[in-house]
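Okay, here's what each chain looks like letter by letter:
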Amino acid sequence: MNRTALAIASFLVIMPFLWMVSLAFTPEEDAFGTGSLIPAQPTTDNFVTAFADADLGRALLNSTVVTVVAVLANCLAAVAAGYAFAMLPFRGSTPLFYALVSTAAIPVSVTLIPLFLMAKSMPLAGGNDLAGTGGTGLLDTLGGVVLPYLVLPMNIFLARQYFSTADPHLAEAARMDGAGEWLVFRRVYFPLARPLVTVIAIFSFTAVWDDFLWPLVITSSQETQTVQLALARFLSTGNVQYGPLMAGAVLVTLPVIAVFLFNQRSFISGLTDGSVKG
Amino acid sequence: MNRHLWTAAGLGVLLLAGCGLSGGGARQPSEPAGNSLTVWFPGTNKTEIDLVTGTIVPKFEKETGTKVSVTFLDWHDLSTKLNAAFAAGTAPDVFGHGPAAVADFVANDRLEPLTPYVGKLSQQDRDDLANALPGGRVGGTQYLIPLSMQGNLIAYRPGDFTKAGLDPDKPPATWEAVSEAAKKLTKRDGGKVTHAGLLLPSQPIGRQQTFAGLLGSAGGDQLSADGKQVTFDSPAGVKALEYFIAAYQGPEAVANQLGASYVDLPVAQQPLVTGDASMTVLAPQTIQQIVRAKPELDIRVMPVPKFEGAERGIALGGAGPGLMINKDSAQKELAWKFISYMISKGTSVEYTEGIGAIPARVSAIESDYVKNSPVVQAFLQQAGNFRPNPNVRGWTQIRDVMGKHLERALNKKVGAEEALRQAAAEVDTILKNG
Amino acid sequence: MSTLVEARPGTSTGHRAPRTRRGSRRWVGVLFVLPAALYLICFQLVPVLYGLVLSFTRYSPLSRSGPQPVGVANYTRLLSSPEFGQALLVTGRYVLIVLPFTVVIALGLAMLARRPFRGVGLFRSALYVPHIVSLTTVSMVWLWIYSQHGLVNQILAVLGLSEQSWLLEESSALNAASVMRIWKALGANMVLLLAGLQSIPTVLYEAAVDGAGRWAVFRHVTLPGLRPMLTYVVAMDIVFLAQGFAEIFVLTKGGPLGSTTTVNYLIYTEAFQYNRFGSASAMAFVLFAFIVAFSFLAIRGVSGRRS
Chain A
346 MNRTALAIAS FLVIMPFLWM VSLAFTPEED AFGTGSLIPA QPTTDNFVTA FADADLGRAL
406 LNSTVVTVVA VLANCLAAVA AGYAFAMLPF RGSTPLFYAL VSTAAIPVSV TLIPLFLMAK
466 SMPLAGGNDL AGTGGTGLLD TLGGVVLPYL VLPMNIFLAR QYFSTADPHL AEAARMDGAG
526 EWLVFRRVYF PLARPLVTVI AIFSFTAVWD DFLWPLVITS SQETQTVQLA LARFLSTGNV
586 QYGPLMAGAV LVTLPVIAVF LFNQRSFISG LTDGSVKG
Chain B
7 MNRHLWTAAG LGVLLLAGCG LSGGGARQPS EPAGNSLTVW FPGTNKTEID LVTGTIVPKF
67 EKETGTKVSV TFLDWHDLST KLNAAFAAGT APDVFGHGPA AVADFVANDR LEPLTPYVGK
127 LSQQDRDDLA NALPGGRVGG TQYLIPLSMQ GNLIAYRPGD FTKAGLDPDK PPATWEAVSE
187 AAKKLTKRDG GKVTHAGLLL PSQPIGRQQT FAGLLGSAGG DQLSADGKQV TFDSPAGVKA
247 LEYFIAAYQG PEAVANQLGA SYVDLPVAQQ PLVTGDASMT VLAPQTIQQI VRAKPELDIR
307 VMPVPKFEGA ERGIALGGAG PGLMINKDSA QKELAWKFIS YMISKGTSVE YTEGIGAIPA
367 RVSAIESDYV KNSPVVQAFL QQAGNFRPNP NVRGWTQIRD VMGKHLERAL NKKVGAEEAL
427 RQAAAEVDTI LKNG
Chain C
93 MSTLVEARPG TSTGHRAPRT RRGSRRWVGV LFVLPAALYL ICFQLVPVLY GLVLSFTRYS
153 PLSRSGPQPV GVANYTRLLS SPEFGQALLV TGRYVLIVLP FTVVIALGLA MLARRPFRGV
213 GLFRSALYVP HIVSLTTVSM VWLWIYSQHG LVNQILAVLG LSEQSWLLEE SSALNAASVM
273 RIWKALGANM VLLLAGLQSI PTVLYEAAVD GAGRWAVFRH VTLPGLRPML TYVVAMDIVF
333 LAQGFAEIFV LTKGGPLGST TTVNYLIYTE AFQYNRFGSA SAMAFVLFAF IVAFSFLAIR
393 GVSGRRS
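Residue numbers (the numbering used here), protein chains in the order written: chain A, 346 to 623; chain B, 7 to 440; chain C, 93 to 399.
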């Protein structure tokens, strides 16, 4: 019963994606020409075009580098911070928490340009001196691309929520053994928070992989472009190249699906660990 | 799982990533080697990219011994990127945009005046570019060099004309006749139009353009010649807007899908291709794509209609997007060299053919591109009837304000006259405050 | 594998550590937070404060003269702007339409997908796909789905109903955009709730097995145990939905008749089309105030007492 319901829901939800796959195999002129999901004359040309025209290989490499860094940074810094806000409160920690998290409620349009100016004046980067002048800082580098994602404020919130239900007594035993707080976190709580770390990893991955506006502004050469920028080449207003666009989009979605498929196993409901069987 | 293995792998990835992060951009815009040039092109048209990066730029680089880095940006990404770049002082040497954006750059002192550079062109070249150049001037000074001409005309399905008892060889010459023909071509189910006799662009930007064309054909103008007064709230304006409304509303409506952006649809979904419409206003690029994909439809283009009693028909068009030079560029001579290369005779035709646009040069009429394309010929013959939007500061906002009030009138929320009066009041404030 | 909740002895209250240890632990807390806090202060808070300063100025990035102070003029203009008022209403409606659907459906899917069975990973992945697929690209498909001869109208035709112009009618455009957003947000919410479901102590279910119906177990065990995560899901959805922009930009461009013009759409236009960053920033901070107030109310509602 569960399985049938899930199957139906999954099918409905994945429909638009199936259309993208279908269009990826449809010759350019026939895009949206028929209402059929199966292309009348399937072709793989679009994939060839996507790789050749948009330099997708390079873009995939760049996006991977940037994403890996952002995921690691979030899994460490955001989880640690959320843990401390929940388990090791200090004077002023609550206002600090709200101040940090609330920045997520300001639209990017407002922070885009200040952040760009900061990236440009990053001291000692891209030919800059200590005062951040003289060079181009992080402009048009992958370091610049990753800059806004290293700690996503909502991840701290998420980690705090997660640890707010954790059992403080767990720490006691470790502390009795003389373990420092870092060890308590690393040995006791961090390993137990695997679902949390998985979610934060997946979300950070998605956020970086999908973003368009910041990479658009910060990069300018082909050498630093990310997957979404590479796809944008097929998105010319009024002259969209549907075939290559869909082929490219399907291709860049696959790694994320793979990462998800591999990691979702950590969401095994507590139910099954006990005596009640599903 | 072996934890040490994970730690090692993690460190390895970090190291790799670190190298990747610090490397990155191959080019350092901060150190403008005496002969390197940065160019941002508007639009990400495939043919244009292939042509510019594959042929034009390599030829230019070889001839001049320079290095040109070109970036192509889709239209609505352009402002975002230019804004950030100008704020940080990292704007490119040469960048492109539509004529409507020029006045704002000029007002902020961001553009190099190009009049002296144009003066260096031969008289022959200047005559050849006479249709295009005026569209790139603000207050009499040249700032933008248009690379192509643009315009919108009515394309139609001759087969539908024949079936409806109309002569496809004698398309209607006045807007009144267009309307009559459209009524014969329209099919209805109950009160609903199921097949449109005539589609006029009615999406946000399109409806201002449709109105501007109708207004011109009724003898009106959007703004006064000096760009300081609103003039569209005139009897001609009311006539134009009422015509526009009547196409979409009422028992005699000939159009459907009010607000839909049919001009941006893929070829297979174009109303002329699906058979959902018999006449639609389109740009030459789209018409050529349709002709190429569906030659059997024999799509044709009609001359600009006028309103009865008016002098001549006017369609929105004129100078198309072009290139400008950043006032702070350290490479102005080289920048101009690049622009003049782009508009040189051979390159210009190659370029406009590549993107399917109307050529900027009059002499292009002799080229194989024009000779082999009845669509482009039709557009070139109408070149004298194309009128651009005004080059005034704050135009983007003026366009959107007009669009907003036109939409209200098209949806019968307010009468034509009242809508134009309200729009005029708002536009007036923008013109005064700059 | 052992989970942190299993070792948890029912309800845990008042745990006291020796005074000296507590004192030093305060400092440790600061150290844990430090990297994230320093980074966020530099690269989030500073740009936000810069924006706050800009909201009291007139500023175009194109201009050579820099920001010109104008006092509260940007804010007073917003008060008298009917467009801004309408955009606030549209944003509010949008959040109120999308939020309940996306949370409730995601909760249902998470309940279905919580137990492992063969292929559950594939179903979970399928449900998460909308969240990862490029929005601009998939919007092409959605535009077609809603178009004159699109999927929805084809289905209506089969059922003998007349076609609708989903994105072109004032009455349906916002709902149509909402459906796409619900679709897009489902996967993320489901993943969060899956993680949340996992942290509910098994012992609680075991205790409840005697005689309690499924609904009662859900109400008295699952829901309370899910509260911290549910709180997060609701807060996150509000924060992101209230900033809805991209899906509007690709589907309706704010039309018809401004019926889908959200505040963030106005902010984008103001900033990047009209180059008025001062007034765009002012809009952003008014929106910010609404988001904070609304999230606060919602968090209190979901979590009962504490935030």
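Be aware that one or more of the hints could be misleading.
What the hints assert, rightly or not - Derived pair list, reagent style DSBU-like, types lysine-lysine, alpha-carbon separation capped at 35 Å:
| no. | chain 1 | residue 1 | chain 2 | residue 2 |
| --- | --- | --- | --- | --- |
| 1 | B | Lys351 | B | Lys193 |
| 2 | B | Lys343 | B | Lys126 |
| 3 | C | Lys345 | B | Lys343 |
| 4 | B | Lys189 | B | Lys176 |
| 5 | B | Lys176 | C | Lys345 |
| 6 | C | Lys345 | B | Lys126 |
| 7 | B | Lys190 | B | Lys343 |
| 8 | B | Lys377 | C | Lys345 |
| 9 | B | Lys198 | C | Lys345 |
| 10 | C | Lys345 | B | Lys419 |
| 11 | B | Lys245 | C | Lys345 |
| 12 | B | Lys338 | B | Lys351 |
Since the hints were made in silico from the structure, they are not lab data.
Discussion item. Need the list of violated hint numbers for this structure, in ascending order.
Written reply: 1, 3, 5, 6, 7 and 8
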